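Visitor: Given chain A's structure and the hints, the job is docking chains B, C and D onto it.
This is what each chain is made of:
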Amino acid sequence: MKLQLLLLSLLILMFCVPVGAQEDSAMVDSLAVDSLAALPVPAPVTDIGLSDLPNDHGHAVVVEWTPSTDDGSGLANVVGYQINYGLSKDGPLDSVGFVPSASGSYEHVGSKDENDRTYIPDHTDLYYRVDVKTVDGRLLVSAEVAGPVQSSGQWYNTGRTAVLIAVALFSFLTIFYVQQAKAGKELYIRPIGGIEAVDDAIGRATEMGRPILYVLGLGTAADVATIASFTILGRVAKRVAEYQTPIMVPTYDPIVMTVAQEVVKSSYMDAGRPDDYDEDSVHFVTQSQFAYVAAVNGMMLRERPATCVYMGKFFAESLLLAETGSVAGSIQISGTDEIAQIPFFIVACDYTLIGEELYAASAYLGREPKLLGSLKAQDWGKGLFVVLSIIGIILANFGVESFGALFEVAD
Amino acid sequence: MEFGQYLGLTFAIFVTLAILSFLYKDNPFYRFAEHLVVGVSAGYFVIILWFQGLDDKLFGPLADGDWYFAYLNSSNAEYMIPAILGCLMWTRFSKNYSWVSRWPMAMYIGISAGLAIPLEMSNRVNKQLAAMMVDIKWDQFLGGADMLWLLDINSGLSQVLVLVGTMLAIIYFFFSKAHTGVFGKAATGGIWVLMIGFGASFGFTVMARISLFINRIQDTADWGKTAFDAAETANPNYHSGFQVVFWALVVFVIGYVVWEIMKTLKEPKATAQ
Amino acid sequence: MKRQAPFALVFIFGIFMVIQFFVPHETSENAYEFLLDWIIIIGIFALALGIWSLFKVSTEKIKNRKEASEYSYITLIGLFVMMAFGFTQRTGESWGLYFIWILLCCACIVALMTMRASVDQGKKRMWAIGALVTLVGAIVVAIFDDAWQFYFTDPQGFENTMFRAFFDYVMMPILATMFALLAFFIASAAYRAFRARNVMASLLLLAALLVMSRFNPYLPFAEYVAKASNWLMNVPNLAAQRAIVVGIGLGIVGTALKVILGIERGYMGKG
Amino acid sequence: MQAFEKLMMLDRRWIFLLLIVVCVFTYVFDFSIPILTEPETEAIYNFVDSLPPGDIVFIAIDYDPNNMAELHPMTYAVVEHCWRKELKIIFTSLSQNGPGMVDQALRDLSDSLAQDRTYNGVEFKGREIVRGVDYTFLGYKPYYAIVILGMGQNFRLPFSNDYYGTPLDSIPMMQGVFNYDQCAGVIDLSGGNITDAWISYGQGRFGFPLFLGLTGVMTAQYYPYLGSGQVKGIMGGLLGAAQYEELADNPGRAKDGMRIQLSAHLVIILFIVMGNIGFFASKRRLSKEGGA
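Residue numbers (this note's numbering), protein chains in the order written: chain A, 17 to 427; chain B, 227 to 499; chain C, 36 to 306; chain D, 1088 to 1379.
Please keep in mind that the hints were generated in silico from the structure rather than gathered at the bench. The structure displayed is predicted, hence computed values, not measured ones. Heads up, the beta-carbon is just placed ideally off N, CA and C, and yes, glycines get one too. Possibly wrong hints are sitting among the right ones.
Distance windows between CB atoms, simulated [claimed, not checked]:
hint : chain 1 : residue 1 : chain 2 : residue 2 : range
1    : D       : 1254      : A       : 296       : 51 to 57 Å
2    : A       : 133       : C       : 105       : 35 to 41 Å
3    : A       : 345       : B       : 476       : 31 to 37 Å
Covered stretches of chain A, going by a simulated chain C footprint (3 or more residues, C-beta under 8 Å) [stated by the list, open to error]:
hint : region
4    : 307–317
5    : 371–377
If we strip away everything but chain A, and leave its shape as in the complex, we get (with noise of 0.2 Å):
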């Protein structure tokens, strides 16, 4: 009897389970096939909405629904959703994914490769159904096949608006101080320890008749701290090659390498010495992190330069060439925008750059009015950065969070 049940059992099973659910038919024990009958069917969820998804490439659709009366309510036999889609309404939809109870909505992304199993076609037909999945392991297909539905790509995205404004109003005031600037406005800059020890360590060098060692990190130059580290690189090689002082550049990444060899070709051209220029004093090491630590470290305790400056991305590194640095009793100077590394540096150089400071020296270092415009507009930056922090402050604690949510960004 109890195996005619079961067999009885499955071949409703087999019915109700369309193509695509098969791995869920495994799951089914037979001890709750048994009491099949005995649990009564839950409501089918209703008003199914679709929607493409917005802000994205495409290839994906929302589904919405109002969950049955029995989940959580009723008869509370609800554990889930079980979506499925297909490109016709009578034809055969495949399961895409599954949401717990209590939930009354998915996110079907799928693939943009046409070759990925994921892939779901642009500007076509979809159709989806919601199934409703009992605490049992029964699959109930719903009679309901939702649709038409097209998935598109968008051309703006909206969740990005506050880093537009964010970005247009920055440049904006880039571009009004620079001109107020080159206008000649008087724009007051306050000193900075590091970047005023830079002249005097050259000339320290210079005293010595010892070599400059600039490291530029382990960054490549699609990293804006490399960028920066480039343009204080060109002021020191300039003032390097007026003072006819040695200047080592060992580089951990070929394009840096190349750049690098650009930016002091042409500081010692500027500089009226063109054929001081050895192309050999910029040159590769090696793409590993600690070969080229040994190898710079080395270079140090040979070569003892008088002055040691590190600007731009550094890693676990930072401390080994610091301490290096310091044996072989250089002055150092040192920048990075590496949170972690920030603290070995002030600990071990003798004078740090913290964080933007690097992004400020080269306009410093060069004196160029038009350079020092755009360190106002930072400041400004800033400034608006606490104004509008504090008022969010004190309008989130009386309740109002749309505020904040103004400043949100969507991944």
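Guide: Leaving out everything else, chains B, C and D in the frame of chain A:
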């Protein structure tokens, strides 16, 4: 363990000691290890970039083209553009045409600078701004009962301190205003916050760095144990061989250290660090 | 043309990338991915310049008889041997003449380097002949030895026993030990710098001391020391980090803007 | 007074020497120091300890050789504990050099499990660890965030085969195991950003109990997640690993290392104190001379 593997491990121990000898001073062993690793790692990255970079990004997309059409019949013929730009970098080998290499360099920098502007604005400014606007937990302002009130990182007081600390530290970074008066006091407060933060993160890192050295000690000790414990080895006949290698390395290293110390003692006064 | 074209390119590509951030459409996304591929590909092509620079600087050092210049041979032998391992793999069980081939390659490199480094014309010629002979030898061995072969498109070289051995027994231990040197340098840096010279230095010192004693079980109030160090990391350190992050963010955006708009040209040597 | 100035200007090689000597001595002389266990680590231990035999634990080995020193001991302690409790494990490695780490740990731990051992007074018989029965190693796939999301749907989406090329459907322990729902919890051992993805994409979307093993430097940054309940337990650095070994009564490299840690820290603190004594003494002398 195979004997060849043991020899490899012995070499590994030797270069470990060679690098550690750098702590004393620059010496031939360190120079050997340093120059060796520069070459080997550069070669290693050539291979990695060849197979994982070029193969994936260039040869892969162009695979369905033919070389005698310069791959222009490939379905991804546009990938010839970066290849040509890459070749333009090679004009640096020539003196007269090296200015051409500035073009790919300019594109490279343009792409990265353009990429950074909205991304950094979003991640570092907008998101931090949104994170600042917190609803302070007034109901548990002094923190949970199981901790000293000050030490609860989820208390309202800690939240307030974070907010105030952040603002003070931002004030320190103002460039266009002299650090005098109230503003100067705030900036001093800011640098104090920065210093406490730096001190704490320095202290936390000490444990991680010492762990690295402990790991090296443990590895070296395991190697020594293998030399004296033939049970682990595939062929017990290697036993004496292991020990010969072990003692050879030990004698070699001790010999060098003694020689170096003798030399330093002979020279009257040279090194001052 | 020579001077202005690069800055025009920086501007065009920069502005495109800024706009791209706000356009989620597939077209813009594909362009973005394509451009990122450019960066990678250009970078790999530039590696040839890097290797050439390494070779040139090494031979220059030998030529000028700089301190420790003889070690440059080790660098270049290591470089080319590793590359040779990475592109080859044995086909069967036996290695055949593989190691003779490697030795010939090494000899060729040494001869080439010495040739470049020697000043005397006669010696130069002699070493050139040596390099040529070893090169021909290596080619002959490579052609007639079937025990191993080259793989340029298929990463068989990763499986090469010698490649793995050099990675495991040469590269990894040196790099790991280099990293481990930090244990000592962090100690000496702490000793040198943590002096209570003024308020700032004292704060740095106290915070570090507190955190460093957090797992000492013999300390009274050991539990609270651990909690206090967590608090330090999550309150003052978080505040410091956030302030720095905001500053860096604005600094990066400001610098990148100056670069794109051509206000800052120092990175091409025109400051 | 000269002595104090010498104390201040001490050649750093004395520090190096003392540090090496102290570290090697504490390593050679075997003594153990008490390890204070913290509730963050106890949470992980209790979680594993309370599971009935046959349950599945998901362990992500997301670190590479650089962070091995701190995270490898955690792997050994946790996996050994799981297998002694006869739990089944699904491994992944979302860091590029991670599979090598898993390989090594599996080899060593299979050897260790073959022996009879006694932990916390309970005797465990040695047994053979069988691939496909006691564990499944899914391997490495790039773009970790997408992999973590994909595994929330079905492990078969990102990994149709395991690391050794066996289809997941033909692996005995993977029968009826589709996604995180069939796992008792996820333990992520990581030395980088992958942890953030596990918190926001993994735990945030799929709501499984998440436990972290982190490097010492990262640990403090993740405490706020403990407060908010997104993370149930954290092991931090060698200290965390040692605490787990202490709880599991299975002393290994971490507990071994902690006594070296302690002595090394004491040496560093000693030198800092000495430097400050020298500094203040010489300052007082200078001010006296200046006054005279």
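Visitor: Taking the hints in turn, state whether each one holds.
Guide: The hints, checked one at a time:
The hinted window of 51 to 57 Å between residue 1254 of chain D and residue 296 of chain A holds, with their beta carbons roughly 56 Å apart. Checked against the given bound of 35 to 41 Å, the beta carbons of residue 133 of chain A and residue 105 of chain C, roughly 59 Å apart, lie outside it. The beta-carbon spacing between residue 345 of chain A and residue 476 of chain B, approximately 34 Å, falls within the hinted interval of 31 to 37 Å. Residues of the region 307–317 of chain A lying with their CB closer than 8 Å to a CB of chain C number 4, which satisfies the three-residue condition for coverage.
Coverage of the region 371–377 of chain A by chain C holds. Counting CB-CB distances below 8 Å, 5 residues qualify, and the rule asks for three or more.
The earlier numbered hint that this structure contradicts is number 2, and it is the only one.
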